Amino acid sequence: MTWRNLLRTVWPTVPIVSALIITGLFLSAFGVSPGEGFSAMLRGAFGDVNKVLNVTAFWVPLALASTGLVLAFTAGLWNIGIEGQIILGAISASWIALKFDFPEPWQIIFQLLAAMIAGALWAGITGVLKTRGKVHEIFGGLALNNLAIILTNYLISGPWQPPEGGTFRGTEPFQDKAILPLFADSRLSILSIALLVIAVISVYLLLRGTSWGLKLKALGKNPRSAFLLGVSSERELLLALMLCGALAGLGGAIRVTSWFDSLRQSISGGIGYLSLLVVMLSNFRVALTPFIAYFFSAVLNGSITLQLRTQLHSSLGGILTGVMVLLVLLLGDIKTLNFLPKRMTKESTDE
Amino acid sequence: MEVTLTNIRKYFGTVKANDGITFTFKAGKIYGLLGENGAGKSTLMKILSGYQAQDSGEINLDGVACSFRSPAQALASGIGMIYQDPHDVPSMSVLDNYLLGRSSGIRLDREGGKGELLDKAKRMGYPINLKTHIDTLSLGERQQLELLRLLAMGAEVLILDEPTTGISAEQKEELFTSIRRLADKEGKTIVLVSHKLSEVQELCQHVMVLRQGKLVGKSDIPCSIEKLVGMMFEEIPPRQERKSLVRDKFTLEVNDVNLESDRVSIRNLNLAIKAGEVFGLAGLEGSGQRLLLQACAGLIHPTSGQLLLGSEEITRKPYHRLLNSGVGYLAAGRLEEGLVAGLTLLEHVALSDPDTGFVINRTHFTELTKTRIDKFKIVGIPSTMIDALSGGNQQRALFALLRTPLKLLLLEHPTRGLDVRSTDHIWQLLFERVKEGTSIAFMSADLDELVGRSDRIAAFSGGKMSRVVNATETSAEELGHLIGGEQ
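These protein sequences, in sequence, are chains A and B. Per my numbering: the first sequence ends with 669, consecutive numbering throughout. Per my numbering: the second sequence ends with 749, consecutive numbering throughout.
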C-alpha cells in the first residue's frame, strides 16, 4: 500500500481524533486531565442502565429529525426550519393531548398524526415561500423558527396556562393515556424506537430504489439539468421538505409525550440545529445518521456528568461535537485539500 | 504603450486555444481582433488582461517582459479590460464602484474621488449621477463608468470585448467617439474584440484574425469584407450528396415572433420547418439563434407572435409539456445543462424515461442502459458516473437520453468537441430519426457541419435572421457574409 493510499484509508478518522485532541487540550487548560474528563463523560453516558436509557430517549427525536433532513439535503435544501417543524409537532401533539379525549390507542395515534401533519405544513410554508416567493429556505426557515417559539410562549402563558397560575414554564401535565408507553422507569418509549426504525428504513429505500429519490438526488446535484431531463422541481422540493417536516414533527411529539409530559418553553432543546450537525457529520448518508445521532446524544448527556465531576460546564460536550463537525467539514474530503496533487481541471475554451 | 506578444501558447487538454501567437499592438492605434467562435480570441485577451496565465510565450510592455497573476496586476501594469458583462457591483452606488479596487490606504477618500470622477466624466462627455446605483443603469452607462474607472487606475491599454452588444445606437456612437479620442489624443492602445465586421471597419485601423488558435491574417483597414471573411473561415469541402428526406408537412411554424433577452432581441421572426428537414442556424454566439431554439423548446416565451408544432399551438407551453409533445432539446453545456454530475448512466436513463415507475426496476434499466450504450457507442457501463466519462462520451450520452418518437429536435452545437468519426456516427443516428419524420433545428459554429448536414440554413446577426439559403447551393463566402450581418 502506498503512502497516499494509506492516508486515504485512514483519513475519515483524522477529524475525529483531532477533535478529541483539541477538546483534551481544552480540558488540560482548565486543569482537568483529559483521561479523567473523557472517562467521566463515558460514565455519564453509559455508566448504568438508567443513563443508557436516558441517552437512548434523547436520541430518538434527534435521529428522526436527522433522518428527515437527509431527504431535504439530498434535494439540495438547507432546511434550517427543522427546529420550528419540531416545535410545531410538539404543539399539535400537545393540543390533542390537552383538549381531546379519545379512546386508548387512538389518543396517541391522533397525537402523532397531528404532529406529523403540522410539521409537514410548517415545512410546506418554507417550501412555498421558496418555490413561489423566491425566499431562500434558510431565511424562511429561520423566520418560521422564531414564530414557532413565539407561538409556544404565547400558548403556555396564555390559553394553555395551568389553572394554578402562570409559571411561564409549561402547560399542566398531560392525561395519562396521552403519554407514550414508557420502558420501566425511564423516559424511553419502545414505540418511538419502532417508529424511528420504520422512518430510517423508509427513507433509505426511498432514496435508493425509487424514481422519486432519484429525482431528489438529481435536483440536489444539478437543478438545471434535472429540469431539462424532465424533473418538475416544485413538486419534488415541496414533497421533500414536507416529508422532512413530518418526521421532525413526529420527533417533536415524542419529545412532549415521553421525554417530557407537557409542552415546555424550550420544547425542542435545540435538537433541530443539532440534527443539522448530525447530518453533516454523517456525510448526508441516511445509514450513518442514527449512529452519529447516538454519538451526539451520548456526548451531550455524558457531559452533564462531566460537569458534576469536574465543575466544568456541561457545554464542553457541545464544544466537542461542534469542533468535530467543523473539522469534518474542513478536512472531510481529502480530494479538496491542497496538499495532494490536484487532478487536471478542465477549463472551458468556449468563447 | 506598446504591447508585444511573442509565441503565446495556451492549451486546454488537447485543445489548442492559442497556438503560438506573435503580434505587436502599437501605442495610439485601434486594433480589431476577429475570429469565429472558438478561434481563441477570448483566451488571448484573458491572458493579456491577467485573467489566466499562458502556458508559454512572452508579453512585453514597452519592451519590458511582464507576467500577470491577476487582473489587478495587469491593470497596475497598465492593461485594462472591459468585459461584455461589466464586472461591477450592482447594488453599490456609482461613486463606490468607482472607488472600488484602489489601494489608497484605509480611509476612503470620497470627496477627492467624487471630484476626480466628475472631472473625468466631463472630459469624456459622459453624463453621470454619482448617487444612482449600478443596477438602475443601462449596460452602456455601466460600460462608460467602467471605462472611467480603468482610466483612473492608469490603464494605457484598453481591451473591449464585444462592447456594442446590448447598448443603444447613441451609446455606441459615444463609445466610438471616446475610443477615437483616447487613441488619437492620449496615445492609448485599443483592442476591440468583435464579430461585427462593419464595426471593425468603422473604428479600427488594423485587424488581426485568429482561426483555431493561430494568427492567420492581419491587414490594414480599410479592406474588403470579402478579404476579412476569407481569413476568418476556412474553405469548406464540397457537400456530400445526401437524399433529401423533407416531407410535405410543416413541423414547426414561427409566425411574427418577438423574443427578448438582456443581450439581444428578435423582432417579427417568420420561419417554417418541414417534417424530415434539417435546418441549420449559423451565426456567432449570442446573435439570437439560441434564443430561437429555447423559445421552440418552451424554455422562454415570445413576447408576441405564435409558435405552432404541427397544428398544436405551443407559444406559451412550458418545457415539460413540450417534452411530452415530442420536442427534444439539447443545450451546449453538457455537465451544466443536461447531465447531472454524481449520477450514473443508468440513473440518467431512468430519470429521463417518462415511463419509469415509482420503484425503479434495476434489471429493466440495466438492460435498457446497455442497449443505449451499444447503440451510441459510449465507453462505459451502466454504473459509470456520468462525470467520469470523457467529453465525447458525455455528448453521446446526451443523445442516448433523448426520447422516442420526436417531432422536433433542437440542438445547440451537437458535435462540438467530437472527432470526425464520432461526429459522423452522431449524425448517422440523427438521420435515422429524420427518416422517421423528425425535424431538426441546430445551431453550430462549424460551417462544414452546417453545409454538410442541413437542408436549409439561415444566419443570425444581432437578433436579425438572414435570408434562408439552400445548403446545396451556398458557399462559405456567402455564409460568412450572412454571419457578418450583410444581407
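It is worth saying that the hints were derived from the structure and are not from the lab. No experiment lies behind these values; they were computed from the predicted model shown. Idealized CB from N, CA, C, for every residue including glycine. Among the hints, a few may not be true.
Below, in silico cross-link-like pairs of lysine to aspartate or glutamate (DMTMM-like), each with a Cα-Cα straight-line distance of 20 Å or less [what the hints assert, rightly or not]:
(1) A:Lys-539 - B:Glu-698
(2) A:Lys-535 - B:Glu-698
(3) A:Lys-417 - B:Glu-599
(4) A:Lys-535 - B:Glu-598
(5) A:Lys-535 - B:Glu-748
(6) B:Lys-505 - B:Asp-649
To be clear about the criterion: a stretch of chain B counts as covered by chain A if any three or more of its residues have a C-beta under 8 Å from a C-beta of chain A, and this derived list gives those stretches [stated by the list, open to error]:
(7) 341-355
(8) 599-607
(9) 723-733
The hints, checked one at a time:
The straight-line distance between the Cα atoms of Lys-539 (chain A) and Glu-698 (chain B) is roughly 35 Å, outside the 20 Å bound, and the hint therefore fails. Proximity of Lys-535 (chain A) to Glu-698 (chain B) is assessed by CA-CA distance (about 35 Å); at most 20 Å being required, the pair is judged violated. A C-alpha spacing of about 53 Å is found between Lys-417 (chain A) and Glu-599 (chain B), which places the hinted pair above 20 Å, so the restraint is violated. This hinted pair checks out: Lys-535 (chain A) and Glu-598 (chain B) have alpha carbons roughly 15 Å apart, not beyond 20 Å.
Distance restraint check for Lys-535 (chain A) and Glu-748 (chain B): the Cα-Cα separation of roughly 48 Å exceeds the 20 Å cut-off, and the hinted pair is therefore not satisfied. With a C-alpha separation of about 37 Å, the suggested pair Lys-505 (chain B) and Asp-649 (chain B) falls outside the 20 Å cut-off, and the hint is violated. Here's how the stretch 341-355 of chain B fares: 0 of its residues keep a CB closer than 8 Å to some CB of chain A, so the rule of at least three is not met and the hint is violated. For the stretch 599-607 of chain B, the proposed coverage by chain A is satisfied: 7 residues have a C-beta within less than 8 Å of a C-beta in that chain, meeting the threshold of three.
With a threshold of 8 Å between beta carbons, the proposed coverage of the stretch 723-733 of chain B by chain A is violated, since 0 of its residues qualify and at least three are required.
Comparing the model with each earlier hint shows violations of hints 1, 2, 3, 5, 6, 7, 9; every other hint is respected.
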